[in-house]
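Novice: From first to last, the protein sequence lines are chains A and B. Residues in the first sequence are numbered from 1 upward in steps of one, following the working numbering. Residues in the second sequence are numbered from 1 upward in steps of one, following the working numbering.
Mixed in with the good hints there might be a few duds.
No distinction is drawn between identical chains; accordingly, a pair holds when it is met within one copy or between any pair of copies.
[Unchecked claim] Simulated pairs of lysine-lysine, DSS-like, Cα-Cα distance not exceeding 27 Å:
(1) Lys125 with Lys490
(2) Lys137 with Lys11
(3) Lys137 with Lys490
(4) Lys490 with Lys64
(5) Lys395 with Lys347
(6) Lys64 with Lys83
(7) Lys495 with Lys125
(8) Lys567 with Lys490
(9) Lys125 with Lys216
(10) Lys137 with Lys216
(11) Lys156 with Lys216
Note that these hints are calculated values from the structure, not bench results.
2 protein chains.
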Amino acid sequence: MYRTHTCGQLKIEDVDKMVSLAGWVQRSRDLGGMTFIDLRDRYGITQLVFNMETDSALCEKARKLGREFVIRISGKVAERSNKNLKIPTGEIEIICNKFDILNASEVPPFTIEDETDGGDELRMKYRYLDLRRSVMKKNLELRHRMAQEVRNYLSKQNFLEIETPVLIKSTPEGARDFVVPSRMNPGQFYALPQSPQTFKQLLMVAGYDRYFQIVKCFRDEDLRADRQPEFTQIDCEMAFVEQDDILDTFEGLTKNMLSNIKGVEITEAFPRMSYSEALENYGNDKPDIRFEMTLHEISGLVKGKGFEVFDSAEYVGAICAESCSEYSRKQVDALTDFVKKPQIGAKGLVYVKCNPDGSYKSSVDKFFDQDALAGWASELGAKPGDLLLVLAGDKSRTLSALSELRLEMGRTLGLMDKTIFAPLWVVDFPLLEWDEDSRRFYAMHHPFTSPRPEDIELLDSDPGKVRANAYDLVINGVEIGGGSIRIHDKALQQKMFKTLGFAPEEAEAQFGFLMNAFRFGAPPHGGIAFGFDRLVSLFAGLDSIRDVIAFPKNNSGRDVMIDSPAKIEEELLKELRLRIEQAKA
Amino acid sequence: MYRTHTCGQLKIEDVDKMVSLAGWVQRSRDLGGMTFIDLRDRYGITQLVFNMETDSALCEKARKLGREFVIRISGKVAERSNKNLKIPTGEIEIICNKFDILNASEVPPFTIEDETDGGDELRMKYRYLDLRRSVMKKNLELRHRMAQEVRNYLSKQNFLEIETPVLIKSTPEGARDFVVPSRMNPGQFYALPQSPQTFKQLLMVAGYDRYFQIVKCFRDEDLRADRQPEFTQIDCEMAFVEQDDILDTFEGLTKNMLSNIKGVEITEAFPRMSYSEALENYGNDKPDIRFEMTLHEISGLVKGKGFEVFDSAEYVGAICAESCSEYSRKQVDALTDFVKKPQIGAKGLVYVKCNPDGSYKSSVDKFFDQDALAGWASELGAKPGDLLLVLAGDKSRTLSALSELRLEMGRTLGLMDKTIFAPLWVVDFPLLEWDEDSRRFYAMHHPFTSPRPEDIELLDSDPGKVRANAYDLVINGVEIGGGSIRIHDKALQQKMFKTLGFAPEEAEAQFGFLMNAFRFGAPPHGGIAFGFDRLVSLFAGLDSIRDVIAFPKNNSGRDVMIDSPAKIEEELLKELRLRIEQAKA
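Working from the sequences, and respecting the hints, build out all of it.
Specialist: Printed below as a string of structure tokens:
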């Protein structure tokens, strides 16, 4: 054993003990006859003291230690004269009588501090150094504790963690699969799972009525800022349950996590909101309900007054920003610029200042008198001192732009406190989405989602109207989980594939095993999957998932540390019977 | 909720309660005016009663239920007149007053019983039905509990579970990798990890001094009976430790598992045996020490007596089978046939019967008199009534054949009791293995294993003699885990790559990131990995790992249930810029 204690362990009670520690040199200071070194390991930092007077040779040697050298020391615990009460070991120091260098270190390419001077790319390339920073350690420790908590909670609820295969079969539905050529079956491929969906359904058919798994999933997508080609899900499924049973179970899990990990106690039930309500009131299907500022349609109040922009709009809607009536011209212009950004896409912004004196000042005074504006204010419940922000246009785009504007105002007004957790169930999603390009319906969740029984007859007459037994868990505007009650009837599943435009042979070739399974007594079942990376990052108060993943990939799906993907040996390609096509010039 | 209780829950205390249950029809019996149905779910079986007298319509309907129909029932708990004390719910039955068919079932292709009539292939194709059998449920429940136990134990010991990437980089060393073509980087590939080896070492460099992970690993090998292309490891690594610290830690884990899962208490330390001792005494590096019957070399006693087979042999060795002197001609012939099988490869078998009267009878009486045979018997500690079995030939092949013969005798004599667990550490493995074909050394474990410090100088002069700081955990002759102290010094790692015949550029291209990491303060570290599938199968008393895996693949690496691997769409191949070469005619 290289040490008797860790660098986070020794306290004032340990004074006079002979100890040995091992770790990294965090920093070193020479003060006259003394050299002080902060020794760091996973558990903390302990101050070492070398005294020129009592052992000059050792002290000279200690002065040569550079940052990030790995050393092992022995010495006696002593009380510090100037205590550092910010760290748990700050009351003591070690008077060293011996040390060995276990490994030297070159000067690291960036500082190993909470606020490092290393840019993103450098930190990714030297991820093993980046991971030494205590903020990164806290993230990975949090991730570990959360995974343990999930497992212990679900195990106590009789869930079994069952591993499903990673080498499965490719299906063209949904996102693009990563594939794995099979050497033993040349010309054939495995695929990596986008989720264990069909396997967990088969486990329900097999009678394992409470399944979960914390599991890696894979999606070969063009990566957006906060996506990774491999990501981790808490994947769950239950049999003999209805939607409410699933919501209750996983609401229990979420409350338990918030309580045990974050110390946040939520006693009341999570609010439930329909998809259409979410769209109407928040402009999107994952509302951040930490603050109100809901959307209000005012089309009825504003049309026919000669203002062409409103008159020609499918939808006119507004939000009310509290206590913002004194916004300057510059502030309002900045908001206008914000909504006109291409990714938001509004044409312009109309404002109404509800002045403290009860009067109104708007950018459309020419068309609307004080009474008209008072009507808007009343519709939005605005008080004197508030500011109304109005957007108009095509309904779906305007809802989405208003949603972005609302979030922007939430950020500006400090309404998005990261220590507050506001969970919400969004329910009653549509079953299908129409795609204008391919002129067909797509499953909004996936083809195994059950329509609501009362809507099944609409599948033939008006498929777009069919609601699904599907639900999302949203916390602070982040979609944390989603799931549904599944189809467990062979005929209904076949009908669903038909509605999605699958030829019967196609459905059989791809999902025949599942429909076969439904022939032998499939129980009613449903489930949910949580994005574990996102959940951890939410709990860590981070905006990105990258820093809760030990070795993430960059936006091109590349691991710059190990330099992967990479070319492989010709020999291996030959064994796989593959040839790489050169790009066309 | 479809039920108030599970089928394993209701007891005599529940008599008179109104309950509802849901599950599968296990079997059904019509006895005069009554119909009895055994209803099965994950938790057990409960007997349902339908009474023709009190509700003939319901009873008629119940009589039509086939095996594996999924039903939900309501009724009253009643005490059974003929109790079945073999099952926990055997004292009660449910007098049903209502039921619904939740799903019908065709007649399953094999019986859902512990002793099923389904062959291996059929069971694999309908794995979801096979998994309904209670023996399979017990296996998966055991696996779940073992995984939980590992996680809880290691977490309490301050280990962090940290996920390492699945999409990594291919390295030609070791077994063949599965590769994953990258669409975003055409012509380049990821590889699936054979183990998280380099990543866990980087975590040590990053300061996470106690890491573990229960993790899927992948190996594209021609599959032997008990191998799977994807398998699960308990992967562990520690920093600032020496070999003994690692053995102690994971001995603790193993004892805890044996105690908490199997109720087997082992208080003394696990025996430790050197690799060379294991080879000499047991003929292989994973001795089953549930029984003695060790190998003894008798070359010195037998040579030069004119028996050509012994005289020309590099090695002559024997085992002593207790109380087998009365073996018949037929039994001895069967043993001779056994050792002559091609996979064992001995030329023949010499026996010596130590007769109860103190005399000896051997197959080589012509060459060896009673005194000579008494000398052999004494060397092996044989008593009157024992049987000596002698093999001769090339040393390594003969050791291995004797080892097989020893195990065969152990099986025959009932010395391999599955309820006994005999763990053993095998230590002091050689660092390198010479391969005659390629005329180079290979790493016996992997290229990151540290030589013993005192043997480092032999790396230049006599590499084959260098011992490694490597160890295996063997239980009942099964290699459960293996690991080593790793190299943490850049220069030594480079020397090791050179010894293994890597050109410097090659080593740099493949493992540059690791050697780079060693430049920045790598601590001494080491670890171990357990084969989780094998550990579970050992605990379950099974001979194969297949039945502790929910969805295993067959010996051609094929999942016959989902029919994978399979062809993929041309479109996807094109996006990956790959072409499949046709097989040569």
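Novice: Confirm or reject each hint.
Specialist: Hint by hint, here is what the structure shows:
no. : hint               : result
1   : Lys125 with Lys490 : between (50 Å within a copy, 18 Å between copies)
2   : Lys137 with Lys11  : within (22 Å within a copy, 50 Å between copies)
3   : Lys137 with Lys490 : between (49 Å within a copy, 25 Å between copies)
4   : Lys490 with Lys64  : between (74 Å within a copy, 21 Å between copies)
5   : Lys395 with Lys347 : within (13 Å within a copy, 87 Å between copies)
6   : Lys64 with Lys83   : within (26 Å within a copy, 82 Å between copies)
7   : Lys495 with Lys125 : between (50 Å within a copy, 25 Å between copies)
8   : Lys567 with Lys490 : between (45 Å within a copy, 25 Å between copies)
9   : Lys125 with Lys216 : both (23 Å within a copy, 25 Å between copies)
10  : Lys137 with Lys216 : both (21 Å within a copy, 24 Å between copies)
11  : Lys156 with Lys216 : both (23 Å within a copy, 24 Å between copies)
Comparing the model with each earlier hint shows no violations; every hint is respected.
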